[in-house]
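Engineer: Chains as they are written, first to last, in the working numbering: chain A, 1 to 311; chain B, 1001 to 1240.
These are calculated hints, taken from the structure and not from any lab test.
C-beta: ideal position from N, C-alpha, C; glycine also.
Please note: incorrect hints may appear among the correct ones.
Dumping the calculated SDA-like pairs for lysine to any residue here, alpha-carbon to alpha-carbon at most 25 Å [what the hints assert, rightly or not]: (1) B/Lys1023 to B/Val1100; (2) B/Lys1066 to B/Phe1201; (3) B/Lys1237 to B/Tyr1135; (4) A/Lys167 to B/Gly1208; (5) A/Lys167 to B/Leu1073; (6) A/Lys167 to B/Leu1028; (7) B/Lys1230 to B/Phe1155; (8) B/Lys1191 to A/Lys167; (9) A/Lys293 to A/Ala271; (10) A/Lys167 to A/Leu272; (11) A/Lys167 to B/Phe1092; (12) B/Lys1191 to A/Ala271; (13) B/Lys1191 to A/Ala116; (14) B/Lys1191 to A/Arg54; (15) A/Lys32 to A/Gly73; (16) B/Lys1191 to A/Gly277; (17) B/Lys1191 to A/Leu37; (18) B/Lys1191 to A/Leu256; (19) B/Lys1191 to A/Pro308; (20) B/Lys1066 to B/Asn1053; (21) B/Lys1066 to B/Pro1088; (22) A/Lys47 to A/Leu37; (23) B/Lys1191 to A/Thr125; (24) A/Lys40 to A/Arg54; (25) B/Lys1066 to B/Leu1028.
Far from chain B, some chain A residues (derived; all Cβ distances over 12 Å) [unchecked claim]: (26) Thr35; (27) Lys40; (28) Leu66; (29) Leu75; (30) Asp88; (31) Phe99; (32) Ala101; (33) Glu102; (34) Cys135; (35) Ile179; (36) Gly202; (37) Leu209; (38) Ser266; (39) Glu297.
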Amino acid sequence: ARWFSDSEAVVSTQSTGDGRSGKTLLCLELTKETTILDLKKMHIKEKPYLYPTRMTYKVSLKEKALPEETKIGDLDTFCDGSVLYFKDLGPQIGWSTVFFAEYIGPIFAYLTFYLARGYIYGATTPTTTIQNIACAMYVGHYVKRVLETMFIHRFSKATMPIGNLFKNCTYYWGFSSFISYFINHPLYTPPGCNLCVYLGLGTYLFGELGNFSCHIAFMNMRPAGSRTRVIPMPDSNPFTLLFHLVSCPNYTYEVLSWIGFAIFTSTFYAALFAIVGGGQMLQWALGKHRNYKKEFEKYPRGRKAMIPFIL
Amino acid sequence: AVVSTQSTGKQINLSKLQGMLSKVYLLLYNCCLACGWSIVLYQAVLELSTAQNPTYVYERCKVALKISQTLALLEILHAAIGLVRSSPMTTFIQVQSRLVVLWLVLDPVSEVHGYSNVPMMIIAWCIAEIVRYWYYALSLVDKVPYLLTWCRYSFFTFLYPIGVSGELLTIYSILPIITATGLFSLSLPNKWNVSFNYPIFLMLYMAGYVPYLPKLYMHMLKQRSKMLGKAAADGEKKAN
């Protein structure tokens, strides 16, 4: 039950730190109509280095952060002297910015070894067909990602912590350099069997098309500007039928792409990239799958996270 | 779940039984390893005091050393399944660093077995591990003498630098040899289009020690003030 004086409620915001309540940061005067966003702006007046996307408030340490639209009046048992727990998430960076930085790097890294072969390896012979196609595959994948980031993806959160940028860029740029170095080397050895070449290329294309189809499907599930979530379902595209079997078929298709690429190029670091990337995507898929199940009571029971029938 | 035994008429709680079994297993594990490392120490000291040729120290204790150190892999499993309250990642880092030095650096390169850093490193490992495993074993039955706690949280101050110097010197000492022999190195062309330069890898690995050293040392110092303070207080409580 809510009860406080009709005009005002005093709120003290305490810093959460490691979840232990620290000192009282601010004492503010709020009304029932004050939203969390208003609160953030008041807080920023006191601490100008802050901005809304790095600030969260919670009613108790165990609960989730309050959305910006929430009004003080909506909070149960909130009254004079109540406490809101504040957490500074640290410097934030927009998802789009991150994606561009992460994806432009691999394109540049791969092309460097592909184009400057004479300079880097002292190569005198031109690239083989397989090396050319591999370049198109690798660069093509990242061009696709850049275009998707520009035109298709809708993000449920606006930002991410800036520390992730360094870690992710190291991962993407590092692997791209290693993969490209070995594929474009004059001593590159193509796969021993022709079947591997066609199988690899076919799997890659299948994975890319499937992944793209899923991204389109996700875009249509979430109308422009909304942050609401729905149970993912297949649309008219047959690639999206995989939604019946897994929560994150986009990841499933992407792992297939990279496996196809590794088979096509017969390169250790490409295989390692598929395994490490696959492992990370599996972790994300398991998390998303868990969230879907928690959020939707009627979530289809037969679905797995990323690997049909298995995990 | 409750299991009832008809004979005694008592009911044994299944989770309590599990807890007891884990304790017995861990007790056994820690005692065995403490004994294993004691054997290594005994062999190492014996060899040092009798033989003229320092190469024989490693040769004599290598079997017990390999068994004892490799069994430590189980500790990663214990942490991962929650049998022991440690972080699996930290345990993994500690165990793998020893195993790398033992199996990938020292064992394959017999030329360096006689260098003086080898017995120094082995003995430092022995003392650290013997104290550590006895501490764990006695903690399980709540009978840790203050002296042992003191040793566990004080020896590291010199054992840690000695051990790490030994490890780094050992790695450094094999570099010229493996550059010449090409041990574990791979060059192009090959079917998997991969090359591996083991000397460069080891140099990067040595560089990796640098950020960990001060962090781990500081952590142990903090643990020391916490644990020795607590142990002294417990001792006073028992006396009073």
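Engineer: State for each hint whether it applies.
Structural biologist: Hints and how they fare:
1. B/Lys1023 to B/Val1100: violated (30 Å)
2. B/Lys1066 to B/Phe1201: holds (23 Å)
3. B/Lys1237 to B/Tyr1135: Distance of about 20 Å is within 25 Å: holds.
4. A/Lys167 to B/Gly1208: It holds: about 17 Å lies between the C-alpha atoms, which stays within 25 Å.
5. A/Lys167 to B/Leu1073: Given pair A/Lys167, B/Leu1073 is violated - Cα atoms ~29 Å apart, limit 25 Å.
6. A/Lys167 to B/Leu1028: violated (42 Å)
7. B/Lys1230 to B/Phe1155: Holds - the C-alpha atoms of B/Phe1155 and B/Lys1230 are around 18 Å apart, at most 25 Å.
8. B/Lys1191 to A/Lys167: Since the Cα atoms of B/Lys1191 and A/Lys167 sit roughly 31 Å apart, the hinted pair is violated (cutoff 25 Å).
9. A/Lys293 to A/Ala271: Given pair A/Lys293, A/Ala271 is violated - Cα atoms ~32 Å apart, limit 25 Å.
10. A/Lys167 to A/Leu272: Between A/Lys167 and A/Leu272 the Cα gap is close to 18 Å, so the pair holds against 25 Å.
11. A/Lys167 to B/Phe1092: holds (21 Å)
12. B/Lys1191 to A/Ala271: Measuring from Cα to Cα gives roughly 13 Å; hence the hint holds.
13. B/Lys1191 to A/Ala116: holds (24 Å)
14. B/Lys1191 to A/Arg54: violated (49 Å)
15. A/Lys32 to A/Gly73: holds (4 Å)
16. B/Lys1191 to A/Gly277: The given pair, whose Cα atoms are some 23 Å apart, holds under the 25 Å limit.
17. B/Lys1191 to A/Leu37: violated (59 Å)
18. B/Lys1191 to A/Leu256: Holds, because 22 Å separates the two Cα atoms, which is no more than 25 Å.
19. B/Lys1191 to A/Pro308: violated (32 Å)
20. B/Lys1066 to B/Asn1053: holds (21 Å)
21. B/Lys1066 to B/Pro1088: Answer holds: B/Lys1066 to B/Pro1088 is near 22 Å, not above 25 Å.
22. A/Lys47 to A/Leu37: It holds: about 15 Å lies between the C-alpha atoms, which stays within 25 Å.
23. B/Lys1191 to A/Thr125: holds (20 Å)
24. A/Lys40 to A/Arg54: holds (10 Å)
25. B/Lys1066 to B/Leu1028: holds (19 Å)
26. Thr35: At roughly 41 Å from the nearest Cβ of chain B, A/Thr35 sits farther out than 12 Å, so the non-interface label holds.
27. Lys40: A/Lys40 clear of chain B: closest Cβ-Cβ about 35 Å, beyond 12 Å.
28. Leu66: The assertion about A/Leu66 holds, with a minimum of 32 Å to chain B.
29. Leu75: holds (37 Å)
30. Asp88: A/Asp88 is indeed farther than 12 Å from all Cβ atoms of chain B, at 24 Å.
31. Phe99: holds (28 Å)
32. Ala101: holds (25 Å)
33. Glu102: The claim holds: A/Glu102 sits with its nearest Cβ about 24 Å from chain B, beyond 12 Å.
34. Cys135: holds (15 Å)
35. Ile179: violated (9 Å)
36. Gly202: holds (21 Å)
37. Leu209: Given a closest Cβ separation of 27 Å, the condition holds.
38. Ser266: Violated: least Cβ distance 6 Å, not greater than 12 Å.
39. Glu297: Given that every Cβ of chain B is farther than 12 Å from that of A/Glu297, nearest at about 29 Å, it holds.
When each numbered hint is compared with the structure, violations occur for hints 1, 5, 6, 8, 9, 14, 17, 19, 35 and 38.
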